[in-house]
Amino acid sequence: MSTHDAYYIPHKAVWPIMATAGLMLMLAGFANYLNGSSIGPGMMLVGFLAFLVMLGLWFTLQSKESESGMYSHQVGISYRMGMMWFIYSEVMFFGAFFGALWYARNISIPHLGDSGAFSGPGRSTHDILWPAFQAIWPTNGPGNVGGDYEAMGAFGLPFINTMLLLTSGVTCTWAHHGLLAKKRDQLIKGLIATVSLGFLFVTCQAIEYYEAYHEMGLTLGSGIYGSTFFMLTGFHGFHVCVGAIILSVILFRSWRGHFTPENHFAFEAAAWYWHFVDVVWLGLFVFVYLL
Amino acid sequence: MTAVVAEHDDHHDHHDHGPEKGVLRWLFTTNHKDIGTMYLVFSLIMFFVGGTMALIIRAELFEPGLQFVDPQFFNSMTTMHALVMVFGAVMPAFVGLANWMIPMMIGAPDMALPRMNNMSFWMLVAGILLMASTLFMEGGAPSAGWTFYPPLVLQTGNAMPFAVFAVHMLGVSSIMGAINVIATIFNMRAPGMTLMKMPLFVWTWLITAFLLIAIMPVFAGAVTMLLTDRFFDTSFFDAAGGGDPVLYQHIFWFFGHPEVYVMILPTFGVASTIIPVFARKPLFGYASMVYATGAIAFLSFIVWSHHMFTVGLPVAGELYFMYATMLIAIPTGVKIFNWTATMWKGAMTFETPMLFSIAFVVLFTLGGFTGLMMSLAPLDFQYHDSYFIVAHFHYTLVPASVFILMAAGYYWLPKWTGHMYNEKIGQLHFWLSAVSVNILFFPQHFLGLAGMPRRIPDYAIQFADWNMVSSIGAFMYGFSQLLFVYIVIDTIRGGTGEKVTDEVWEGASKHGLEWTVPSPAPYHTFSTPPEVIPTEHF
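Chains as they are written, first to last, in full-length UniProt numbering: chain A, 1 to 291; chain B, 1 to 538.
The following block holds chain A by itself, in its conformation from the complex (with noise of 0.2 angstroms):
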């Protein structure tokens, strides 16, 4: 499994600390901001901005690094191995919300609907607090929290949102295709349809969220299901943006003319991750809109 070129280690990171810093600032201002202090916000956009400007540099030498060939194959794995770890950590965060949303339908609301659900010792809860309260998904639970709503219907923007989603995915393999093949054309028409994709499904997804606020009456406070169900497609939705923001990279990159195809694994990581927000809006779909 071990590969021995000669194995180029920087000497020096100075944007590591820097981007840490940042980052710092940043979650400070926040945790201030939460707390109800006036100087949150401004911590917390000059935190995000020193941030984004370091990524922006780190990024920027290790791109000028690659495309001067100071990476061996050998560095080449060691990246890719992160990558795809990384991406597997982002799995198991997502499947602390999936497993929060498959306990509560399977789990907590059978037993606040029904006593005889589980043979457990909170068993009296039903009985005592909420008689009347049935097990019936969704729901904003017995205490019919955040008041009434409208549950979202998974063939409506939803559905567009996966076909979307799953163009991107073929769109990007094609992009891939292309910078094999060595036609840079091919390569830049792919990655500019997978970008386009991917901002479409995120307007369409803030489109939805509209609609759930202002006319469904859903909202992140509607009890367990608007939680999850917030909880879930906002971080997708998140990471989304960040995907298409990496891609948009990868795409300005391939116009500057970077990347062989011996050499790109910046692209690879990035498609990797296209594929995984792809994979985890699979679930999405038939977890939360869906079932």
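One or more of the hints may lead you astray.
Pairwise CB distance ranges (calculated) [as the list claims (entries may be wrong)]:
| id | chain 1 | residue 1 | chain 2 | residue 2 | range |
| --- | --- | --- | --- | --- | --- |
| 1 | B | P378 | A | M84 | 43 to 51 angstroms |
| 2 | B | L24 | A | V53 | 15 to 23 angstroms |
| 3 | B | A287 | A | G257 | 49 to 57 angstroms |
I should point out that these hints are in silico values taken from the structure, not numbers from a laboratory.
A quick note: this is a predicted structure, and the numbers were derived from the prediction, not measured.
The C-beta atom is built at its ideal place from N, Cα and C for all residues, glycine as well.
Starting from the known structure of chain A, arrange chain B on it as the hints suggest.
Frame of chain A; chain B shown alone:
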């Protein structure tokens, strides 16, 4: 291939003989040894910060009644002590050892992703800073316990979002560190260093890294749900909205149980490295050690609810988690017997690292047995949230993880610094630690069995005697650790003055590549992959 390597070396020899000068060396470094050193020093500092909190707890508990601190602050201390020790001391110390030793043990020039390595360390510092800042906030530091159970934790004051974001940063730091370890081990091994020839420290860290990548994001998700429940009206843990506080406990312990193995698996690795050297025998049952580590890691994912036996699980759940938990005793037993068999008829000598390692085998076994007691659901109803559990996990962490970290310090200090530590003071440190740690934690078993609950600042009069004994042990243990600081500083400044050989310990070069390079290890160890002698495993 060799030609390419040589060219690479020439290029760098003119520019980079050694480290840069000044503070910037440390801020911007990508060198695995520098970063390892920073991790180790940071964790040693945090060990004393967390230790001070522990002494505040034990001072308050020295006798019944409220003496020194108010109950709110006491609860903050139990919470922060745990967070600092877990995320600030033990985990970073093992990451530090991984950084220093893994590249040297597998014949790699450095870690696979050196820039990310730098970021991983600074993210740790940033996370701990956010966490520590809560000590000075309105409403005090988090005080609902390190497990952050809702709904109690939702009553935290201004500290709440800071604690959540601190956990996020610490999680990112751990994930980056773990990814780096995996990429290094899979991609940077010298030719001939097959997986089943790797030292066990490398193996245990590889498995630990997989645990970390799988669990830290889950913890991040759990605390994110706490944050949104508190600030954004979600109902994950609120029954009125259809959620369930017990859901949090499930998610948390899905993280939390593997997390405790994150702290113990590298401990096993170091013990398996040190014991053979001083027994002058190859490790007994190398392959079974690897498989046992894998088995423990696998089991750690399917036993989490044994932390929740009293929460109201269905009987089937209680039974499943009880039996699954009891299974862990089997691979753990394999390890204990292997260490014992390694020492059997060995030509043993008892230098400080070996003393700590032997104490680890004995005392960890004790901690393991109390764990087995609590894996039995009906018995756990009695022990749950009592001082018995406090005694149990401190036996698995202090005379196990911390003792082995001390052993690792003594074992590798001569390689790191090129000087020999003072063996007499080392042995004094060991004996003081080994005696006081038992005075500290053994009585807590009695307190728990007699019914003293954990996390309380005051207690009924019948618990007074053993609490006093425990507190005396705590202060003895705490202050004897200062000897270690003295020894580290003294060794860096020349130690006994005796120049150590490359091998340092008699016969050690048979046991690991790190003993074939000069002492102190050069700033860049292997610019060309070393020859790995294809012998049977040592």
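Item to check | Hints the structure fails to honour | outcome: none
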